[in-house]
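Protein sequences, first through last, are from chains F and P.
Numbering that gives the first Met the number 0 numbers the first residue of the first sequence as 0 and each following residue consecutively.
Numbering that gives the first Met the number 0 numbers the first residue of the second sequence as 0 and each following residue consecutively.
Treat the hints as calculated values from the structure; they're not laboratory data.
There's no promise every hint is true.
Keeping only pairs whose Cα atoms sit at most 20 Å apart, straight-line, the calculated EDC-like set for lysine to aspartate or glutamate is [stated by the list, open to error]:
| hint | chain 1 | residue 1 | chain 2 | residue 2 |
| --- | --- | --- | --- | --- |
| 1 | P | K48 | P | E156 |
| 2 | P | K159 | F | D57 |
| 3 | F | K241 | F | E335 |
| 4 | F | K53 | F | D88 |
| 5 | P | K159 | F | E110 |
| 6 | F | K323 | F | D294 |
| 7 | F | K241 | F | E48 |
| 8 | F | K323 | F | E411 |
| 9 | F | K53 | P | E156 |
Between beta-carbon pairs, the in silico distance windows are [what the hints assert, rightly or not]:
| hint | chain 1 | residue 1 | chain 2 | residue 2 | range |
| --- | --- | --- | --- | --- | --- |
| 10 | F | E48 | P | A147 | 21 to 31 Å |
| 11 | P | A12 | F | A287 | 19 to 29 Å |
| 12 | P | A12 | F | G392 | 18 to 28 Å |
Per the computed footprint, the stretches of chain F lying under chain P, defined by three or more beta-carbons under 8 Å from a beta-carbon of chain P, are [to be verified]:
| hint | stretch |
| --- | --- |
| 13 | 31 to 45 |
| 14 | 172 to 178 |
| 15 | 406 to 414 |
Using N, Cα and C, we set each Cβ at its ideal position, and we do this for glycine too.
One-letter residues, chain by chain:
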Amino acid sequence: MNTALTFAEKVIARHAGRTSVAPGELVGVGVDLVVSDELSFPEVMSEFEALGAKRLFDGSRIAIVADHETPARTALAANNMKRTRKFADRYGVGQLFDAGTAGIIHVLIPETGLIAPGEIMMGYDSHVLTAGALAAFAVGVGATDTAVAMAFGEMWLRVPESVQVKIEGTPDPWAGPKDVSLQIGRELGQSGCLYQAIEYSGSYVVGLNMDGRLTLTNMAIEIGAKSAAINCDQTTVDYVDKRLDRPYAALWADPDAHYAAVYAIDATGLQPMVSLPDAPDRGVPVAAAAGQHVDQVFIGSCTNGRLSDLRVAAEVLRGRRVNKRTRLLIVPGSPEVLRAAVAEGLIAQFLEAGAVIAPPGCGPCAGLHLGVLADGEVCVATSSRNFPGRMGGGSVYLAGPAVAASTAVAGEIAAPTDLPLPPLPLAAGRTTLDPAR
Amino acid sequence: MTTISGQVREIGAHISTDEILPGRYMSATDPAVLAVHAFEGLDPTVREKLNPGDILVTGENFGTGSSREAAPRALQAAGFAAIVAESFARIFFRNCINIGLPVFWLPDARVSFHDGEMIEIDTTNGVIRNLSRGAEARSQPVPAFIQALVEHGGLIEYAKTRIGQSLVFSEPGQLPP
Numbered sequence: 000m001n002t003a004l005t006f007a008e009k010v011i012a013r014h015a016g017r018t019s020v021a022p023g024e025l026v027g028v029g030v031d032l033v034v035s036d037e038l039s040f041p042e043v044m045s046e047f048e049a050l051g052a053k054r055l056f057d058g059s060r061i062a063i064v065a066d067h068e069t070p071a072r073t074a075l076a077a078n079n080m081k082r083t084r085k086f087a088d089r090y091g092v093g094q095l096f097d098a099g100t101a102g103i104i105h106v107l108i109p110e111t112g113l114i115a116p117g118e119i120m121m122g123y124d125s126h127v128l129t130a131g132a133l134a135a136f137a138v139g140v141g142a143t144d145t146a147v148a149m150a151f152g153e154m155w156l157r158v159p160e161s162v163q164v165k166i167e168g169t170p171d172p173w174a175g176p177k178d179v180s181l182q183i184g185r186e187l188g189q190s191g192c193l194y195q196a197i198e199y200s201g202s203y204v205v206g207l208n209m210d211g212r213l214t215l216t217n218m219a220i221e222i223g224a225k226s227a228a229i230n231c232d233q234t235t236v237d238y239v240d241k242r243l244d245r246p247y248a249a250l251w252a253d254p255d256a257h258y259a260a261v262y263a264i265d266a267t268g269l270q271p272m273v274s275l276p277d278a279p280d281r282g283v284p285v286a287a288a289a290g291q292h293v294d295q296v297f298i299g300s301c302t303n304g305r306l307s308d309l310r311v312a313a314e315v316l317r318g319r320r321v322n323k324r325t326r327l328l329i330v331p332g333s334p335e336v337l338r339a340a341v342a343e344g345l346i347a348q349f350l351e352a353g354a355v356i357a358p359p360g361c362g363p364c365a366g367l368h369l370g371v372l373a374d375g376e377v378c379v380a381t382s383s384r385n386f387p388g389r390m391g392g393g394s395v396y397l398a399g400p401a402v403a404a405s406t407a408v409a410g411e412i413a414a415p416t417d418l419p420l421p422p423l424p425l426a427a428g429r430t431t432l433d434p435a436r
Numbered sequence: 000m001t002t003i004s005g006q007v008r009e010i011g012a013h014i015s016t017d018e019i020l021p022g023r024y025m026s027a028t029d030p031a032v033l034a035v036h037a038f039e040g041l042d043p044t045v046r047e048k049l050n051p052g053d054i055l056v057t058g059e060n061f062g063t064g065s066s067r068e069a070a071p072r073a074l075q076a077a078g079f080a081a082i083v084a085e086s087f088a089r090i091f092f093r094n095c096i097n098i099g100l101p102v103f104w105l106p107d108a109r110v111s112f113h114d115g116e117m118i119e120i121d122t123t124n125g126v127i128r129n130l131s132r133g134a135e136a137r138s139q140p141v142p143a144f145i146q147a148l149v150e151h152g153g154l155i156e157y158a159k160t161r162i163g164q165s166l167v168f169s170e171p172g173q174l175p176p
């Protein structure tokens with residue numbers, strides 16, 4: 000009997016050695032890639048040692064990425080990293096990204112070819128699901144699960160229900176995948192896809208480059224999802240084939256598979272948005288928050304720290320200066336992103352505008368360092384999360400890079416179209432800014 | 000069959016991990032330290048009203064946000080015997096099971112159980128009795144597989160028994176031999 004399976008069900012069934020699985024079932028699966036960031040890894044090491052495991056199941060399928068508090072934020076962070084390096088050496092962890100190779104794990108891992116279509120990735124961070132944009136099944140889990148997976152190469156999981164989020168239409172030129180994500184959060188809410196596996200589809204998604212797709216799947220955690228995936232298509236193949244040298248076997252949902260819900264999102268003419276404090280599902284058009292004074296703007300994070308995001312920010316900042324009342328922090332998501340941003344002249348533009356450039360990593364996103372907020376301050380951030388107290392004192396609005404950069408110039412929440420044209424001459428033949436670049 | 004009995008502490012809804020345990024404490028591992036900061040992001044006075052063995056009753060999407068195990072560990076260290084929520088953020092739910100803290104889903108939990116009432120949870124069939132009001136509600140039964148994890152005291156304790164063998168999560172409800 001042929002059972003029609005969703006994408007998540009197919010990938011799980013393959014890794015459980017089954018022909019089919021159903022939502023709600025508990026199954027054990029083999030995993031292809033186990034990951035951790037450096038802030039989380041000490042806990043994972045302690046669990047691994049408590050387990051009494053003597054070896055990793057396969058060192059080549061484990062990656063540790065330093066991003067949350069790197070370079071070492073405190074003596075404790077430094078000592079933890081030292082312990083992590085020792086562990087990696089002793090047990091043969093295949094990939095340790097630190098110092099000059101460090102970057103945000105969810106920006107970096109897709110770049111490395113460590114995850115491919117049809118595979119399962121798991122690890123100790125809530126944004127692991129981001130990698131689903133590469134048509135993989137990626138789930139965030141805890142320290143214990145990660146330690147057990149490092150030792151055995153397996154995890155238990157509850158097969159999720161699957162839902163489709165179909166996005167059609169063309170947004171306003173200054174509204175990008177972050178704005179579409181904020182609109183989705185507004186429509187579906189923080190519990191909208193609780194515990195579910197999302198499949199993003201529709202003409203809007205098909206038209207996105209991989210940077211944009213990674214923004215969408217990243218934001219799925221903020222509507223409660225377990226995992227999020229985008230079909231393997233030519234964009235996926237073009238992206239992945241450049242970056243890995245091993246075979247992979249993509250999987251696709253069956254046409255008549257059962258979904259718990261199908262959500263139709265109309266992105267036609269969508270305007271740039273912000274999410275109000277203190278939750279990511281409080282999206283409103285920028286005009287509704289315009290005029291709010293802002294002390295700090297943060298452009299970066301696993302949501303919007305990729306090259307496409309920096310290009311948008313540079314397009315707004317070119318020929319302009321950051322407002323005297325506002326601090327602008329720009330954090331390229333990985334060494335590859337930083338190198339490309341330098342090569343394209345984006346970093347020079349950011350410096351010219353008066354921005355702070357931070358090393359690739361999470362930066363101020365979780366209130367750990369590189370831009371913690373004072374009491375009562377207001378920040379606009381391109382990250383995914385603005386819960387109370389997250390970045391220190393004060394409150395956080397979420398936005399995409401276009402609104403964030405505009406806000407930094409205006410000193411208050413603004414969209415690019417709210418700004419006067421820059422005083423410096425534009426390139427020959429151009430009379431307007433081109434947000435589609 | 001295991002029963003868990005205790006007094007209800009009803010606390011809010013949509014509580015994030017940042018409120019359960021602020022980020023600056025997320026690297027702490029000492030239960031004594033974690034217990035002191037439980038719910039500090041929400042209201043530092045909450046833990047003063049807690050007694051060991053209390054059962055936390057809360058609303059939707061409990062534990063939303065971070066995947067840090069320190070958050071459920073803080074609640075376990077603060078003395079909660081179990082958590083009954085209208086729904087859970089999945090990583091938090093998973094972490095609770097993996098550290099051996101029993102968790103139960105129940106829509107309308109805050110209607111069925113009020114702060115200060117005594118309740119009793121039957122973990123095999125998921126029935127939760129309100130001893131103060133004489134009513135009962137039905138949560139999802141805990142599958143035998145997850146029960147075993149909880150009974151072993153968590154995933155690590157269970158996994159220790161499997162070192163040297165492959166860790167086989169067999170048919171739902173059955174432990175491997």
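Quick rundown of the hints versus the structure:
Taking the CA atoms of P/K48 and P/E156, the gap is near 32 Å; set against the 20 Å cutoff, the hint is violated. With a C-alpha separation of about 19 Å, the suggested pairing of P/K159 with F/D57 holds against the 20 Å cut-off. The hinted pair formed by F/K241 and F/E335 meets the criterion: a straight-line CA distance of about 14 Å does not exceed 20 Å. A threshold of 20 Å between alpha carbons decides the hint, and for F/K53 with F/D88 the separation of about 14 Å falls inside it, so the pair holds.
Using a Cα cut-off of 20 Å, the hinted pair P/K159 and F/E110 is violated, with the two alpha carbons roughly 35 Å apart. At most 20 Å may separate the alpha-carbon atoms for a hinted pair to count; F/K323 and F/D294 meet this at roughly 10 Å. For the given pair, F/K241 sits about 37 Å from F/E48 by alpha-carbon distance, which is inconsistent with the 20 Å threshold. In summary, the hint linking F/K323 to F/E411 is supported, as the alpha carbons are separated by about 11 Å, within the 20 Å threshold.
At roughly 16 Å between alpha-carbon atoms, F/K53 and P/E156 fall within 20 Å of each other, so this suggested pair holds. For F/E48 and P/A147, the Cβ-Cβ distance of about 23 Å falls inside the hinted range of 21 to 31 Å, so the restraint holds. Separated by about 25 Å at the C-beta atoms, P/A12 and F/A287 satisfy the suggested range of 19 to 29 Å. In this structure the hint that P/A12 and F/G392 lie 18 to 28 Å apart at CB holds, the actual value being about 24 Å.
With 5 residues having a Cβ less than 8 Å from any Cβ of chain P, the stretch 31 to 45 of chain F passes the three-residue criterion, so the hint holds. Coverage of the stretch 172 to 178 of chain F by chain P is violated [criterion: at least 3 residues with CB-CB distance below 8 Å; count 0]. Counting residues of the stretch 406 to 414 of chain F whose CB falls under 8 Å from any CB of chain P gives 0; the rule of at least 3 is not met.
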